[in-house]
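Asker: Sequence:
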Amino acid sequence: MDANIDEKPYACDLCGRRYKNPPGLKYHYIHAHNIQNLSKIKITRESGRPPKIAKIMSSVSTSVESNRYCDFCLGDVNLNKKTGQSERLISCADCGRSGHPSCLKFTPSLTDTVLMYAWQCIECKSCSICGTSDNDDKLLFCDDCDRGYHMYCLSPPIDHPPEGIDY
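For the sequence shown, the UniProt record's numbering gives the first residue as 1, with consecutive numbering after it.
If you are wondering where the hints come from, they were derived from the structure by calculation, not from laboratory data. From the three backbone atoms N, C-alpha and C, an ideal C-beta is built for every residue, glycine too. Treat the hints with caution; some may be incorrect.
Between beta-carbon pairs, the in silico distance windows are [claimed, not checked]:
1) Ile-35 x Asn-78: 45 to 53 Å
2) Tyr-152 x Lys-82: 31 to 39 Å
3) Ile-30 x Asn-67: 33 to 41 Å
Please construct the entire structure, taking both the sequences and the accompanying hints into account.
Answerer: Put into structure tokens, the structure is as follows:
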């Protein structure tokens, strides 16, 4: 159970279902319990944990250690082995895997964007709306921010991926 708590630290106080992030838990409250006014719902990382465990866990670091090498070229910040240049690494907030922006095929604009939030690699990617990685065949990746979105979570939902885009 501890692994599930660490992987999905946000829990519904009504049924105990767990999510990776607050948007997923908010979506759950609205759609599973029909709670429209979330102002009275307190959403915290310790939500759903017994108080004693929550207190202990608050003193333990939950951050993931980032790899110091690129998973694609096996270089580091001093040397991208594909370009021969030094280049920063971008690390997955969930698993710590890292990659050079050029190895990830990120544009400079996309690189700037993903540095502003807890970026997830392709293996860890979850929907930014519902917080789950279920139905990954329905998960689209935004070209502007690289966040994942289920086609059915979008408003309005879409049935098919947009034309002309590789998935």
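Asker: Take the hints in turn and mark each one as holding or not.
Answerer: Status of the hints after comparison with the structure:
In this structure, Ile-35 and Asn-78 meet the distance hint of 45 to 53 Å, their C-beta atoms being roughly 51 Å apart. About 37 Å separates the C-beta atoms of Tyr-152 and Lys-82, a value consistent with the hinted range of 31 to 39 Å. Evaluation of the 33 to 41 Å hint for Ile-30 and Asn-67 yields a pass: the beta carbon distance comes to about 36 Å.
When the structure is compared with the earlier hints, no violation turns up for any of them.
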